[in-house]
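Chemist: Start from chain A and add chain B according to the hints.
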Amino acid sequence: MTTLAELIIVAVILLNLSLAASGTLAACIRLAAAQGVIAALLPLLAGREVPPGTLVFCGAVILLKGAIFPWLLTRARIKANVSKDADPVIGYPASIILCLGAFAASSWLGARLPLPETARVAWIVPASLSTIFTGFLLLTTRTKAITQVLGYLVIENGIYIFGLALFVEQPLMVEMAILLDVFVAVFVMGITIFHISREFDHIDTAELSQLRDWHSGEAK
Amino acid sequence: MIILLMLTPFLAGLSAFFIKEDARRRALLLAAAGGHFALTAAVLVARPEMAPCAWFALDPLGLLFLGVTSLLFLGASVYAVKYLSLEKRDPGEDSEEGFIFNNEPEAVFTGCLLLFLAAMTAVTASRHLGILWAAVEATTLLSAPLIYFHRHKRSLEATWKYLLICSVGIAMALMGNLFLGAAGLSSGVALDLESLLLKAPSLDPAWLKAAFLFLFVGYGTKMGLAPFHTWLPDAHSESPAVVSALLSGALLNCAFLGILRVAQVCSAAGLAGFTGDIMIFFGILSLMTAAFFILAQKDYKRMLAYSSIEHMGILSLGVGLGGGAVYGALLNAVSHSLTKAGLFFVSGLVLAAYRTKNISDVKGLIRRAPATGVLWLAGFFLITGTPPSGIFLGKFMILKAAVSGRHFAAAAAYLFFLAVVFAGMGRIFLEMTLGEAPVHKGAEKPFEASRQMLIPAAFFFACAIILGLYIPAWLNELITGAKVLIGGGL
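Line by line, the protein sequences give chains A and B. For the first sequence, this note's numbering gives the first residue as 1, with consecutive numbering after it. For the second sequence, this note's numbering gives the first residue as 1, with consecutive numbering after it.
For reference, chain A alone in the conformation it holds in the complex (with noise of 0.2 Å):
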C-alpha cells in the first residue's frame, strides 16, 4: 500500500509542474482540484486502519477540492470573461525551472527535518514544500484574481499533504472547523472577485494599485 502512497507523492508533484507551465485558467482549475482530490486519498493509502472519522472526513474534502471549489472558480471565470492568464510576471519555462529547483531545495530540507518513525510515508516533507512554493509561485507571479485563489488552494494542497500523511492525531473537530475555514475563505475570496469584476471590469490584480505610499510621477 504504501507504494501507492509514494506514486500519489510523484503524481503531486507532476501537478505542481504542470500548475507551473500551465496558462488556461480552466486548466489550472482542474489541476489545482486533481490534486487536492489525489491528495485526499493519501490518508486511505498510508497502510493503516482508518478510523471512520478520517473517512467522512477525506470525504468532505474531496467533495469540497474536487467538485465545489471548481465550480465556484468556473462561475468565477465565466462571469469575469477571462479564459487565460495571458502575461504573468515571469514566463513559463522560468516558473517551471523555480519549481524544480524549489523541489531541490525541498527534498534537502526535508533530510534535514526527519519525521519520527511513525509516518511511514517516503517524501512527504519534500513533496509538501514544493507544492506550498508552487502555490506561492502562483499567487506572486500570475496577475489575474482567480489563480490568486487557486495559488492559496495549492498552498492548502501543500499543508494538507503534510498534515494527513503525518497523521498528528486530531480530533475531528478541529480539522472540520479547519476545513470549514478554508471553505468560507475561498467562498468569500470568490465573491470578492465577483465585485471586482463588476466594479473594474477585469480582474487583474496587477492593475489594482491605487493603494500605496509612494505614487511615482504626477499621482497626488
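Each hint should be verified, as a subset may be incorrect.
Dumping the calculated DSS-like pairs for lysine-lysine here, alpha-carbon to alpha-carbon at most 30 Å [unchecked claim]: (1) B:199 <-> B:209; (2) B:199 <-> B:298; (3) B:363 <-> A:84; (4) B:199 <-> B:20; (5) B:82 <-> B:400; (6) A:79 <-> B:153.
Derived by calculation from the structure, the hints in this document are not laboratory data. Quantities reported herein were computed from a predicted structural model and do not represent experimental measurements.
Modeler: Frame of chain A; chain B shown alone:
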C-alpha cells in the same frame, strides 16, 4: 460562562442578518456589546477554575486580551450606532474622488461585526492551537466584509489584499501548527496547550524551531509586523473608522496572542533565547519601517495605521527582550488599544468634517471643530508616549529592560525610531490642528461632532491617562500573571 461569552455575540450576529428595522438591529448591537462586556467583567471577578485540558478556558493572558477586546467593542458599538444612522442619512459621495457609491446593507455589516467579536472571543479563550488557528482565520473572513462597507474601488482593493495576504499568512501558521504536531509526534503530544507546555522539554527542537518560524510569520502577517505588514495600511485607511479601531485595537492583539502562545511553548522547551532574538529583530524592523513611512505620510488614516505597526513592533520587541520588558509590552498593548481605537474614532470625525484624508488639506481643526481638535491632539500626545500615559510607562519599562539586559544596540535603535516617529507624527498632528481652517467644498459651515461619537474616544483616552498614573490591583495581577505565563519571571 465562556461558552456564553462566545454564544452571545454569535447568536446576536446571526439574528442581525434577519432583522429588517434599523432601530431594532442597532439596539441589538448595543445590547450584545453590553452583555458581552458584563459577562467579561463577571469572568474577571469570578475567575472560574480552568478545567484541565478544556478547549476553551481563560488564563490571565487570554483574560487580559479579552477584557481589552470587550471594552473596545462596547465603545465601538456606541460609536457605530450613531455612525450608521448618519451614513443612512447621507450616503454616498466619495470624499476623495467624488464618485457616488453604495453602502453594504447595514444588516450584513452589523451581523459581521458581532460575529467578528465572537471569533475574537474564541481566539482569546482557546486552549487548543488548532482551534486558535481556526478562530484567527475566522476573524479574517468575518472582518473582510467590514472593510468593504463603502462599496467602491479603493475599499475593494484593500479588502482583496487583506483577504489574500492574511489568508496566505495564516496558512503558514497552519503549517507551523503541523510542524508543532511533528515535534510532539514521538512523545505523543497533541496540539492542546496544556499538554504541550507539560511535555515541552520532550519536543523535538528542530521541528519546534521550524514551527515557531512558520507560526511567527503567519500570525505576524496578521499582526502587521514588517515586512509582512503590507495589507495593514490599506485596510485601515479604507475601512470605516469603527472597523479600523477594532482592527487596530482588538484584532492585532489577537494575532499577537497567537504568537505568544507558541512563545510560551518554546520557552517551556528552553528555546526562549531563539524566539527572543527573532522577536527583537522583527520588532526593530517594524519600528524602522513604521518610522520611515510615517515621516513621508500624506494620509492621516494611513499614518495611524503605520503607528499601529510601530506599536506591534514595540510589543514584539518587549516580549523578545523578556523579563521586565514583558510587563511593559503588555501594558503597552492595553494602552495602545485604548488610545489607537480612540484616535481612529476621532479620525472618522475629522474625515466627516473635512471630507478628505489628505493631511495637507486639513488645517485649523481646533477652530473648525474644537472638541474633535482637542481629542485629536490629546490622542497624539498619548500615542507617542508623552507622560502621563500607559504607553509612556510601557515604553519606559521596555527601555529599562533593554539596557539592563545589555541589548544596547536594540535600545539605541528603539530610542532613535521612537524619536523619528514622534517628530513625524508631531508635524502631522500640529499641521492638522493648528492654523486657519480652509474654506473649500463642504467646509463652509462649522462642524459639530455628535456627542455619542466623541464620548467613546474621550473615555478611552481618560483610561489611557489613568493607566500612566495608576494601575489598579486587579489589572496589575492580570498583567503579572500573563507575564509569568510568557516566561518573563515574576
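Chemist: Next step is simple, just say for each hint if it's right about the structure.
Modeler: Now the hints, each set against the structure:
1. B:199 <-> B:209: holds (16 Å)
2. B:199 <-> B:298: violated (51 Å)
3. B:363 <-> A:84: violated (49 Å)
4. B:199 <-> B:20: violated (52 Å)
5. B:82 <-> B:400: violated (43 Å)
6. A:79 <-> B:153: holds (19 Å)
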